[in-house]
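K.L.:
Sequence:
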Amino acid sequence: RSRFLISAAVTTLLWTGLRRGELLGLEYDDIDHKAHILHIRRGVFLEEGKPAVVEGLAKTESSIADIALTDTVYNSIMAIPRVGKYIFGAENGNLMFPRNFNRLYDSFLKALQQKYPSYPHITPHILRHTAATLTLRSGVDVRVVQKKLRHSSIYTTMRYTHPDIQDLIEAEENYTQFLNREIGGLR
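With the numbering used here applied, the sequence shown covers 1 to 187.
The hints are simulated quantities; they were obtained by calculation from the structure and are not laboratory data.
Backbone N, C-alpha and C fix where the C-beta goes; we use that ideal spot for every residue, glycine too.
There may be inaccurate statements among the hints.
[Unchecked claim] Label pairs and their calculated CB-CB ranges:
no., residue 1, residue 2, range
1, 1, 130, 19 to 27 Å
2, 111, 47, 15 to 23 Å
3, 155, 79, 35 to 43 Å
4, 47, 174, 34 to 42 Å
5, 174, 75, 12 to 20 Å
6, 184, 118, 17 to 25 Å
Generate coordinates for the entire structure from the input sequences, incorporating the hints supplied.
P.N.:
As structure tokens, then:
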């Protein structure tokens, strides 16, 4: 299960720009399978040294939103053997400790670096920045990128507009086409 989980986690982080806490808080019920929409409804945080989650609470108010879910991300998530309600939960189906996710991610990265020694150390948060940069490079408007990343201020991503979910779906389709052209997609 952990092999499928980390593969899907990296794919999801890179394609969606989610924060680690948002990723770990995802439940299977957050997926609209028909419309391919992912509902971000919570984030994981530490409370007295243990992972906790509160419905409707994430890093910022704008973090709670809907984002487009590409076939690539959807299929990688659906490949994870289901245990419990959390998509990226622990082996026992409970909420995963962020520290344990980091260990799993670091093991994945170490294996990648053994195969490709020049591969840099990239944290899950750097994947968020990479998603933003590559989405912009694929020709998507910066305001759509702001909506995709759920930044509360355009100063973090430029001025105000209101892209809707159709803009996000189009952005994800363009981004996937760009990645498939530039790097041949994920294997």
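K.L.:
Compare the structure with each hint and give your call.
P.N.:
Going through the hints against the structure:
Between residue 1 and residue 130 the beta carbon distance is about 26 Å. The supplied range of 19 to 27 Å therefore holds. For the pair residue 111 and residue 47, the beta carbons lie near 32 Å from each other, so the given range of 15 to 23 Å is not met. At about 38 Å, the beta-carbon gap between residue 155 and residue 79 stays in the expected band of 35 to 43 Å. In this structure the hint that residue 47 and residue 174 lie 34 to 42 Å apart at CB holds, the actual value being about 39 Å.
At roughly 19 Å, the beta carbons of residue 174 and residue 75 sit within the given window of 12 to 20 Å. The hint said 17 to 25 Å for the Cβ distance between residue 184 and residue 118, and at roughly 19 Å that hint holds.
Checked against the numbered hints above, the structure breaks only hint 2 and satisfies the rest.
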